[in-house]
Amino acid sequence: MNELTVIESRINQYLDAVREQISGLSPDEADNIIDDLRGHIDLAMQSRGDQPTLENVEAVLAEMDPPESFAPDLDETMGVVPKVSRIAIIGAVLLPFGILTTILYLIPGISYSTVDGFTTNKVPSVFWWQWLFLVTILPLVTTILGLVSIFQIRASKGGLIGKPLALVDALFYPILVFDGLLIALMFMIIATIPDGHLALTESLALLSYILVIIVDLIIAAIAWLKMP
Amino acid sequence: MNRWITQLRKGLLEYLILNILNQKETYGYEIIQILKNFESMDVTESTVYPILARLNKDGLAHVRKFPSPDGPPRRYYSLTSKGKVRVADMNQYWDLLNQIIQTIRSKT
Numbered sequence: 111m112n113e114l115t116v117i118e119s120r121i122n123q124y125l126d127a128v129r130e131q132i133s134g135l136s137p138d139e140a141d142n143i144i145d146d147l148r149g150h151i152d153l154a155m156q157s158r159g160d161q162p163t164l165e166n167v168e169a170v171l172a173e174m175d176p177p178e179s180f181a182p183d184l185d186e187t188m189g190v191v192p193k194v195s196r197i198a199i200i201g202a203v204l205l206p207f208g209i210l211t212t213i214l215y216l217i218p219g220i221s222y223s224t225v226d227g228f229t230t231n232k233v234p235s236v237f238w239w240q241w242l243f244l245v246t247i248l249p250l251v252t253t254i255l256g257l258v259s260i261f262q263i264r265a266s267k268g269g270l271i272g273k274p275l276a277l278v279d280a281l282f283y284p285i286l287v288f289d290g291l292l293i294a295l296m297f298m299i300i301a302t303i304p305d306g307h308l309a310l311t312e313s314l315a316l317l318s319y320i321l322v323i324i325v326d327l328i329i330a331a332i333a334w335l336k337m338p
Numbered sequence: 090m091n092r093w094i095t096q097l098r099k100g101l102l103e104y105l106i107l108n109i110l111n112q113k114e115t116y117g118y119e120i121i122q123i124l125k126n127f128e129s130m131d132v133t134e135s136t137v138y139p140i141l142a143r144l145n146k147d148g149l150a151h152v153r154k155f156p157s158p159d160g161p162p163r164r165y166y167s168l169t170s171k172g173k174v175r176v177a178d179m180n181q182y183w184d185l186l187n188q189i190i191q192t193i194r195s196k197t
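So the protein lines, in turn, are chains R and E. Adding 110 to a residue's 1-based position in the first sequence gives its number in my numbering. Adding 89 to a residue's 1-based position in the second sequence gives its number in my numbering.
A couple of the hints might just be wrong.
[As the list claims (entries may be wrong)] Here are the simulated lysine-lysine pairs, DSBU-like style, with alpha carbons at most 35 Å apart:
(1) Lys336(R) / Lys154(E)
(2) Lys171(E) / Lys273(R)
(3) Lys99(E) / Lys273(R)
(4) Lys125(E) / Lys173(E)
Since the hints were derived computationally from the structure, they do not count as laboratory data.
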């Protein structure tokens with residue numbers, strides 16, 4: 111490796127460290143700072159009148175601020191106080207209502223009852239349909255609000271926060287549906303196992319739950335990493 | 090006392106940079122050299138470059154790149170028309186503040 115490559119590598123190391131500190135800024139702002147710093151290093155080298163050697167680069171970098179000092183102090187330096195996305199908050203408020211209405215809808219004896227072997231609606235039919243509407247619409251609205259808030263947070267370039275909240279809103283119900291389908295699939299497979307293989311059946315059931323948890327974690331991790 | 094000075098400096102720095110750009114088109118390194126002449130401003134790269142990037146983002150300053158034989162292109166900053174209006178407003182407000190300070194200090 112020749113000296114020029116080593117020098118470039120050292121400069122890039124410094125610039126990468128700075129970029130890491132300013133990762134909260136918009137890409138354009140970060141690029142501007144990095145380009146200015148690159149120009150600054152070159153001019154500082156020239157002003158020393160020295161040949162570009164690693165020692166000179168080290169001397170210039172030593173005179174400059176350490177990468178940590180570029181970390182933006184949003185409250186003070188930038189004058190911007192990030193706010194939590196309101197849409198994400200609304201989604202988070204709706205989320206438990208969606209769970210509650212679904213649970214109440216599904217629990218026997220609340221929305222319907224079984225009398226003499228016949229299942230009947232316990233509540234008036236008009237209300238029952240409204241309830242079903244809520245069970246359907248609340249998860250849908252929560253998911254849409256989550257997706258909207260994710261785009262809003264991304265577009266705000268640091269002005270809005272609430273990424274975990276937005277992700278929970280957007281992913282909770284889709285993951286729940288996905289889990290349900292996965293477990294149903296596993297139980298369809300289990301149903302094909304002939305009687306008398308209790309240990310195998312139990313193991314497969316346990317495996318399906320573990321599989322669901324792992325898949326959920328992978329989906330959540332991918333979604334988290336994809337968010338800037 | 091130190092915190093108070095730091096806060097005041099941060100606010101002033103943007104104002105000073107806008108005024109430098111109002112006088113001429115220039116690059117970040119030169120802005121730092123100009124401001125380093127005033128020791129009490131305690132100017133460094135980590136304070137000036139983020140401000141320049143923000144001024145550009147807010148449409149107050151514009152960057153022009155000129156090729157350089159010695160390395161990457163030079164990045165010259167100049168004020169946009171919006172930036173010129175802003176600096177005129179700021180100068181007017183600064184004069185007003187200065188007047189208030191002088192009045193209060195002369196009475197006490």
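Checking each numbered hint in turn, tell me which of them this model violates, lowest number first. none
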